[in-house]
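*Asks:* Following the hints, put chains B and C with the ligands in place on chain A, whose structure we already have.
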Amino acid sequence: MKILVIGASAAGISAIKSMREMDQDAQITMISKEKNIHSRCMLHHCLSGHRSQESIDFAGSNFCADQSVNWLKGVAVAGIDPQKKMVMLEDGQKLTFDKLLIATGAAYFIPPVPGLREAKNVFGFRDLADVKKIDALLKADSRVVIIGSGLVGMDVASALNERGIKNTVVEMMPNILPMQLDQPSARVYQTLFEKNGSDFLLSEKVVELKLDENKIGTSLMLESGKSLEADLVIVAAGVRPQTDFLEGSGIVCDRGIVVDDKMQTSQPDIYAAGDVTGLSGIWPNAMKQGRVAAQNILGQAVSYEDRYAIKNTINFYGCPTLSLGKISPDEDTKVCLQEDRNTYQKILIKNQMIEGLILQGNLDHVGFWQELIKNKVVVDEDTVFDIKYSDFYAVNEKNGSFEVAI
Amino acid sequence: MNSNFSCKTCQSADQSLENFISGLSVETSHHRVEGQSVKCGFGLQGICCRLCSNGPCRITPNGQKGICGATADTIVARNFLRAVAAGSGCYIHVIENTALMLKKTAQTKGLLKGKNTLKKLADIFGIQETDQYLCAEKVADAVLSDLYKPDYVKMELVEKLAYAPRYKRWMELDILPGGAKSEVFAGVVKTSTNLNSDPVNMYLNCLKLGISTGLYGLTLTNLLNDVLLGEPAIRLAPVGLRVINPDYINIMITGHQHSIFTYLQERLTDKDVIEKAQKAGAKGFKLVGCTCVGQDLQLRGQHYQEVFDGHAGNNFTSEAILATGGIDAVLSEFNCTLPGIEPICDELLIKQICLDDVAKKANAELKPFVFEKREEQVEEILDAITESYINRRSKVEINLQPEHGNNDTLTGVSETSLKDFLGGSWKPLIDLIVSGDIKGIAGVVGCSSLTAGGHDVLTVDLVKELISKDILVLSAGCSSGGLENVGLMSPSAASLAGPKLRAICEKLKIPPVLNFGPCLAIGRLELVATELAESLGIDIPQLPLVLSAPQWLEEQALADGAFGLALGLPLHLGLPPFVTGSSLAVEVFTENMKELTGGQLIIDDNAKQAADTLEGIILAKRQGLNI
Amino acid sequence: MKRIMIDREKCDGCLNCTIACISAHQEGSNFYTADLTGKTADSRNKIYFKEKEGYFPIFCRHCDEPECVMSCMSGALSKDSISGLVNYDADKCGSCLMCVMNCPYGVMKPDQTNTKMIKCDFCQDLTEGPSCVKACPKEAITVQEV
Ligand SMILES: Cc1cc2nc3c(=O)[nH]c(=O)nc-3n(C[C@H](O)[C@H](O)[C@H](O)COP(=O)(O)OP(=O)(O)OC[C@H]3O[C@@H](n4cnc5c(N)ncnc54)[C@H](O)[C@@H]3O)c2cc1C
Ligand code: SF4
Numbered sequence: 001m002k003i004l005v006i007g008a009s010a011a012g013i014s015a016i017k018s019m020r021e022m023d024q025d026a027q028i029t030m031i032s033k034e035k036n037i038h039s040r041c042m043l044h045h046c047l048s049g050h051r052s053q054e055s056i057d058f059a060g061s062n063f064c065a066d067q068s069v070n071w072l073k074g075v076a077v078a079g080i081d082p083q084k085k086m087v088m089l090e091d092g093q094k095l096t097f098d099k100l101l102i103a104t105g106a107a108y109f110i111p112p113v114p115g116l117r118e119a120k121n122v123f124g125f126r127d128l129a130d131v132k133k134i135d136a137l138l139k140a141d142s143r144v145v146i147i148g149s150g151l152v153g154m155d156v157a158s159a160l161n162e163r164g165i166k167n168t169v170v171e172m173m174p175n176i177l178p179m180q181l182d183q184p185s186a187r188v189y190q191t192l193f194e195k196n197g198s199d200f201l202l203s204e205k206v207v208e209l210k211l212d213e214n215k216i217g218t219s220l221m222l223e224s225g226k227s228l229e230a231d232l233v234i235v236a237a238g239v240r241p242q243t244d245f246l247e248g249s250g251i252v253c254d255r256g257i258v259v260d261d262k263m264q265t266s267q268p269d270i271y272a273a274g275d276v277t278g279l280s281g282i283w284p285n286a287m288k289q290g291r292v293a294a295q296n297i298l299g300q301a302v303s304y305e306d307r308y309a310i311k312n313t314i315n316f317y318g319c320p321t322l323s324l325g326k327i328s329p330d331e332d333t334k335v336c337l338q339e340d341r342n343t344y345q346k347i348l349i350k351n352q353m354i355e356g357l358i359l360q361g362n363l364d365h366v367g368f369w370q371e372l373i374k375n376k377v378v379v380d381e382d383t384v385f386d387i388k389y390s391d392f393y394a395v396n397e398k399n400g401s402f403e404v405a406i
Numbered sequence: 001m002n003s004n005f006s007c008k009t010c011q012s013a014d015q016s017l018e019n020f021i022s023g024l025s026v027e028t029s030h031h032r033v034e035g036q037s038v039k040c041g042f043g044l045q046g047i048c049c050r051l052c053s054n055g056p057c058r059i060t061p062n063g064q065k066g067i068c069g070a071t072a073d074t075i076v077a078r079n080f081l082r083a084v085a086a087g088s089g090c091y092i093h094v095i096e097n098t099a100l101m102l103k104k105t106a107q108t109k110g111l112l113k114g115k116n117t118l119k120k121l122a123d124i125f126g127i128q129e130t131d132q133y134l135c136a137e138k139v140a141d142a143v144l145s146d147l148y149k150p151d152y153v154k155m156e157l158v159e160k161l162a163y164a165p166r167y168k169r170w171m172e173l174d175i176l177p178g179g180a181k182s183e184v185f186a187g188v189v190k191t192s193t194n195l196n197s198d199p200v201n202m203y204l205n206c207l208k209l210g211i212s213t214g215l216y217g218l219t220l221t222n223l224l225n226d227v228l229l230g231e232p233a234i235r236l237a238p239v240g241l242r243v244i245n246p247d248y249i250n251i252m253i254t255g256h257q258h259s260i261f262t263y264l265q266e267r268l269t270d271k272d273v274i275e276k277a278q279k280a281g282a283k284g285f286k287l288v289g290c291t292c293v294g295q296d297l298q299l300r301g302q303h304y305q306e307v308f309d310g311h312a313g314n315n316f317t318s319e320a321i322l323a324t325g326g327i328d329a330v331l332s333e334f335n336c337t338l339p340g341i342e343p344i345c346d347e348l349l350i351k352q353i354c355l356d357d358v359a360k361k362a363n364a365e366l367k368p369f370v371f372e373k374r375e376e377q378v379e380e381i382l383d384a385i386t387e388s389y390i391n392r393r394s395k396v397e398i399n400l401q402p403e404h405g406n407n408d409t410l411t412g413v414s415e416t417s418l419k420d421f422l423g424g425s426w427k428p429l430i431d432l433i434v435s436g437d438i439k440g441i442a443g444v445v446g447c448s449s450l451t452a453g454g455h456d457v458l459t460v461d462l463v464k465e466l467i468s469k470d471i472l473v474l475s476a477g478c479s480s481g482g483l484e485n486v487g488l489m490s491p492s493a494a495s496l497a498g499p500k501l502r503a504i505c506e507k508l509k510i511p512p513v514l515n516f517g518p519c520l521a522i523g524r525l526e527l528v529a530t531e532l533a534e535s536l537g538i539d540i541p542q543l544p545l546v547l548s549a550p551q552w553l554e555e556q557a558l559a560d561g562a563f564g565l566a567l568g569l570p571l572h573l574g575l576p577p578f579v580t581g582s583s584l585a586v587e588v589f590t591e592n593m594k595e596l597t598g599g600q601l602i603i604d605d606n607a608k609q610a611a612d613t614l615e616g617i618i619l620a621k622r623q624g625l626n627i
Numbered sequence: 001m002k003r004i005m006i007d008r009e010k011c012d013g014c015l016n017c018t019i020a021c022i023s024a025h026q027e028g029s030n031f032y033t034a035d036l037t038g039k040t041a042d043s044r045n046k047i048y049f050k051e052k053e054g055y056f057p058i059f060c061r062h063c064d065e066p067e068c069v070m071s072c073m074s075g076a077l078s079k080d081s082i083s084g085l086v087n088y089d090a091d092k093c094g095s096c097l098m099c100v101m102n103c104p105y106g107v108m109k110p111d112q113t114n115t116k117m118i119k120c121d122f123c124q125d126l127t128e129g130p131s132c133v134k135a136c137p138k139e140a141i142t143v144q145e146v
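Protein chains in written order, with our numbering: chain A, 1 to 406; chain B, 1 to 627; chain C, 1 to 146.
Only chain A is shown next, with the shape it has when bound in the complex (with noise of 0.2 angstroms):
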């Protein structure tokens, strides 16, 4: 059997390793635009000079060879045909197969302000070109601003306060981190980031980057009249599936390629899995996608079932925490509140189900929340704090692996 995985990153990398497992057999090509196969998530490690590109390589330097897999890699699919089952890549060459799992994940969005989509000192954050290409053009006395202050913008901001490069943290939202924090947990984060270097403008919109004649950006405007000058702009704005090769090409998308619970495109023997179906945008969700596409691939009929996806860990400077769910509460939220000098922690509780969480401080042993929220377990709000995985132990006899007895 002749397979095709296009993306070599979570998705990818997780649903060949899965097939391997299975199946010793099939011809796997996998192809990439990249050159290297890295972790996105760590790379705020080599912007910040801690971590080589080869050290992020998450998959290990003898994956192909381990996987027999062929690679092509720093080639960009153009097209493809479902009907031929064909793909098309941008240098021309076209390849057959028998099934086919797009991966291609997630790309950066410059939201339409006047100035950044032109500017050439304007970059977003997604994989080792980019590091690369701000690299170059960072110098001790930068002038950085990122706009956006999400996951991305953060681990960018910690990456040049370890270089000791002078950054600014534009957000629109009154805290950083609003998808997964709420005032006082956001603080803790920004009181660790001022102190290490950042500065931030928070309730505050970019409405154009002043150019100059080279078409590089000098100074942001802001709607608040501020203005901000940059040697660097780096955006932090969100992503967006990587899905414009597919125009043309009857794989139905919305937002991202729409699958089933097997994984499959609207077309036959056609998957997708990872950032680009838009069903999440985390790594380990992208990992588990994969790995059900790829059983799907070989024939074994596996739903994609565990679909949570509103889920974070941050960990900066030492301070860890973990966001749940949703967590701006209705009006009609029970919000539980515990907080001491190392922790804090907020529990979202509606109709006794817990709706979203934020643990702050320490995140020993938590693991078992998510499993709370996913299976919609009715909890009370007086002990919600004291709730152990001891509360749901259960153990399989016969080959005594744990289970969550809800």
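It is worth saying that the hints were derived from the structure and are not from the lab.
What you were told as hints is all true, and nothing was included just to trick you.
Output of the computed footprint for chain C on chain A, the stretches with three or more beta carbons under 8 angstroms from beta carbons of chain C:
no.	stretch
1	54-62
2	285-298
Straight-line distance between alpha carbons at most 20 angstroms, and here's what the computed EDC-like set of lysine to aspartate or glutamate pairs gives:
no.	chain 1	residue 1	chain 2	residue 2
3	C	K52	A	D386
4	C	K79	A	E21
5	C	K50	A	E403
6	C	K10	A	E397
7	C	K92	A	D57
8	C	K50	A	D386
9	A	K388	C	E9
10	A	K388	C	E51
11	B	K65	C	E139
Note that CB positions come from ideal geometry on N, CA and C, so glycine has one too.
*Replies:* For chains B and C with the ligands alone, kept in the frame of chain A given last:
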């Protein structure tokens, strides 16, 4: 994140205290419960032995005996007797110091406030002496000479103090104690490596230690203190964190030896001392009660209202009292002075002085009390405390809790003041018991612990259950500190009692829970029991009277418990005293004890169920008496 | 593969397994010398206690479908196809804590500096097997083939 130390604090029967503690930025015992939540099962069952280098040995399915051959029964008994011996030693230390204090006070013709008690003691001891000082000296000597006898010479006062039928039974069981200090020694020797291995012999030894502890450590300490410091008088008094008055230089006292404070207490009302405080910017000095010595002050509070602010709280409230910031110094002389107060004192710049080296705290100044030097010592202490006050008040945040506690706790109850209150005879009480208006009496004593539901939780729940069954509760020990702070010792608590008990309480304007004060006053409960039995002409085990130490904490409590069992009383404990690993121990305490002394142990951490059991026992005893 | 089987009824909460685990991961320490309060006093196992219900010993299952591995973005966590063990390579670890978030049984935890993870390694470098199992006086945990 805020400045609170940790959000994980244990429960407390006293909700406002719980809230206060959970909001503190200093660590307390209540915060540490969480980290100690996994208890070692071997320890809980008492089946871990560390007596020799072959150990620690633990009893397991594959190791049913220690390497030496000790069975679970032997290991449990050894551990238990060691604990009882240590607990006895603690109380014997207290009576020894108290007797010495009485002797020296008498020799120097110091103030003796309790003339009636002195006469009573002289009568019991058979001392005929008209001069009060000579009489007091002889009383003290009689006590001391017993304490210092070897273990093979029986103590002489036992027969005079004990109720005759009990004395007879103890003689039959051969558990009359020799010299009380030597008995502690004997108990320790017996339990050392490869010595006694006979559990029954060791449990009988526990009863013997119980008798010396009870009659000397408890009963006599109370009475000698009454001679020195004045007899308890019934009154209403404020309790709780509210008693701290920031206008004064506040001295928190912890321990069990009230007599050590005799001289200090008197000095605090002297003009020059008040002026010393005024010069420092305060209105004067005040003592803030904490732990049992605070209960003792409260009990006799009638005699020194100007210097005693009131009882703020019990053992596991002490850290919270300090955390209010309103305390300028801690004077400690014995236990229930938690190591946990040390960092709090450091942080809040609170001066700590220990007056007895058995209770030396790591970071405190040691100033062992010396009777002959008491005058200079008190001057030095007051100077140090004044300095602490001056130094700290501008630097430390004060976080008082004026709402905590209440102003109408009935206190000052003793065997004498209660009898006087009843008109000089026990008859009215006996009549109420016979008529069934009072179903029976429960002595709820002991400490507070942070297990068994949390701080004072089981104690308070159990007491509420008991009074709702028309059982009158008498309390002594840190348990009363908890009960008073939640209002159960205020007359208004009558509304929580069963209809009959409620009617009596409302008529007499008393609460259904009577406060006898410190744990030492368990000795007073024994006096009440004895006098009741005497008036009825029956033995103590026949009385519709039960004991409970729902939240017993320490080794001393185990020695007290042994006294209760020797008296033949049913004794309830919330948690087992590390003996359940031995089926023999369980059998001895819960069953065989009934034949041995008439007593029995009941273990139950469920308040409702335990109250039902105790009620059942009371009803059975009533039936035995045909009432 | 081998797994530490747990008989919770036998557990007596003595925490010997906890000391054993801490000691096994402190170079040169033993039961007498293990540092139980310092920066490396981390146990890979955890015992919970509930009144009336008893002890709940939690030991890494080295799962068949390990969620921690599924969430690992650095390649630090991997399931060994031969031994079946879930291994952790601290050098690769990027400290993202997603394994901590995703272990459904709350087994995983970060170290005290939140930079590396505390993960059961089955004491693979010791011939006699997991230290916790060896230290359990009640045989509440035993290594068995599953
Ligand atoms: C800076 C940063 C930090 C992050 N941190 C975290 C984190 O801490 N935790 C977390 O859960 N998630 C994090 N994420 C998100 C996470 O990295 C993604 O969810 C994950 O990488 C998605 O994997 P994927 O395989 O779906 O796609 P991607 O990782 O986006 O990979 C897409 C692959 O497809 C290839 N490709 C794309 N288009 C084409 C084409 N036309 N032809 C050929 N090849 C193509 C690319 O070269 C690449 O190999 C982070 C993301 C970024 C950018
Ligand atoms: S850490 Fe958790 S998910 Fe990972 S193998 Fe162990 S038990 Fe399974």
